[in-house]
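Since the structure of chain X is provided, determine the placement of chain C on it from the hints.
There are 2 protein chains.
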Amino acid sequence: MIVALDVGGTSMKGAVLSPGLDRVAALRRPTPRGEAAVDAVLETVAELVEQAGTAQAVGLAVPGIVDDERGVAAWSENIGWRDVPFRDLIAERTGLPVAVGHDVRAGGTAEIRLGAAQGARNSLVIPIGTGIAAAMVIDGHLCVGNGYAGEIGHMSVGVDEPCVCGGTGCLEAVASAAAVGRRYARRTGRDATAGEVAALVSEGDADAAAIWAETIGFLGTALAAATALVAPEVIVIGGGLSRAGDLLLGPLSDDLAGRLTFHRRPRLTIATFGDEAGCVGAGLWARDLLERR
Amino acid sequence: MIVALDVGGTSMKGAVLSPGLDRVAALRRPTPRGEAAVDAVLETVAELVEQAGTAQAVGLAVPGIVDDERGVAAWSENIGWRDVPFRDLIAERTGLPVAVGHDVRAGGTAEIRLGAAQGARNSLVIPIGTGIAAAMVIDGHLCVGNGYAGEIGHMSVGVDEPCVCGGTGCLEAVASAAAVGRRYARRTGRDATAGEVAALVSEGDADAAAIWAETIGFLGTALAAATALVAPEVIVIGGGLSRAGDLLLGPLSDDLAGRLTFHRRPRLTIATFGDEAGCVGAGLWARDLLERR
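As given, the protein sequences belong to chains X and C, one line each in that order. Throughout the first sequence, residue numbering follows the numbering used here, covering 5 to 297 in sequence. Throughout the second sequence, residue numbering follows the numbering used here, covering 5 to 297 in sequence.
Next comes chain X alone, as it looks inside the complex (with noise of 0.2 Å):
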């Protein structure tokens, strides 16, 4: 048995799964703020182990800048820890081999070995959620950088909009799935969730399709520069924002390909896991573990 847990902002989705990766039991609880959440990860980890009795190893997915290499959490604002060595308070506790990782690498490692970037050697996997990140394989590697690569989302598209990271531009400030309902309310007085504006855009309503068309340009821009520097066959398209489907998909597609000249044009297309990616990548990571002894 394999123990996963996705930490996210919110709440933490736990699972003891398989060796085939199926889900044996699942637990979801809200993610505390500061040390609370360092000793609820370790706690939840403990139950889902026992509760698993025969366990062999644990993968733990994390947000923030997170080393997966030293298995260390350097910093999460959303959850406000700074350097928790998860890996070896995890191992110390339970006795177990552990994986660390970033949540959105842990969800890209879904979508390449299992979901929509499968057999592709250079992928882009990018959730538009609340914020904006990407998992990076080159060459068949998942690029890590210290925790530091794959930040897409805080660069900048050249636009003049403050960002919560205190930069200015950044596409996450523009295109996330939160950026998208803030710009139709400032546009209109409206209140509305990227869903509800993509809805809109079906419907023919002209102030959600200029929003619409804006957001597509901004994450052309942005999949455009990576699509030079990183050379992608395939940019998966995960979270809330790709429940649009075709309405995101057509046009982005059509909006890169007219930035790019002699570069690999890449595939575009909707990742394969919902929220489930995380847990599913994390038990991946615990899995290689014991497969590497």
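Source of the hints: derived by calculation from the structure; they are not laboratory data. Heads up, the beta-carbon is just placed ideally off N, CA and C, and yes, glycines get one too. Please note that a few of the clues may not be correct.
[To be verified] Covered stretches of chain C, as calculated for chain X (at least 3 residues, CB under 8 Å):
1) 145-155
2) 190-202
3) 259-268
This is chain C only, laid out in the frame that chain X set:
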């Protein structure tokens, strides 16, 4: 003995190197165009092998789109070849193990293993000459992307300027050494090389200072995007423009720092190897082949 050949758009630089990579013999000759270039490469390598007497491996660096993993020169607009399987052709002709790769990645290999990027597991080595491209190392891995990785010169910096690639606003179109001279001439009606523009900046020429400041902004835009995505610890600038030294590095470091927030801040530095980097890198690849046996 190792034979190394660096094929540029204008000239080919060949060398016979000792196992310690000391230069025992060297040659330089013009690069012909089209099919003749393929023959010239094969001839020159054969000559160097004969000259070496006891050559044990060959390293070849070529421009354009190059698949280092298959040893194939996929495309070079400058030279005019397409899908040349150099690794197999040279191995057949010489009976020796052959490493083939991109000239920028060869130069990058020299800087990463023996030069300015030594010791860093995440780095960008960016020659800025007639063109601009990057050798990109992430987690200690030199990224290839089937030959398409590292094309930072063909990333848009959001300006309305046509590029030779057919795109608009590419970094190379406004910030290569050639582009700096071209933009100064357009502004003033006076021809100047990038080196002359740099000298004029030092002398207080206002037009040169304006062109230089814009160039720094374009480079800062692209480096910030690359930093968000691949998180280098060090960025090495090479090529003609790097001869400006601190006049380039000082303001570029400041510009880049102003664009970053939580991102890892890369150290900027000038390349150690001049135009011999490609040959040294090709020699390192050839030596790697021998060590792997």
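- [ ] Report holds or violated for chain X covering the region 259-268 of chain C, Cβ cut-off 8 Å, minimum 3 residues.
- [x] Satisfied; 6 residues make the cut.
Task: Residues of the region 190-202 of chain C with Cβ under 8 Å from chain X, three needed, outcome - done: This one is violated; 0 residues, fewer than the three required, reach chain X with a Cβ under 8 Å.
Open item on the list: Between the region 145-155 of chain C and chain X, are there enough contacts, at least three residues with CB-CB distance under 8 Å, for the coverage claim to hold?
Closed with: holds (count 9)
Checked against the numbered hints above, the structure violates only hint 2.
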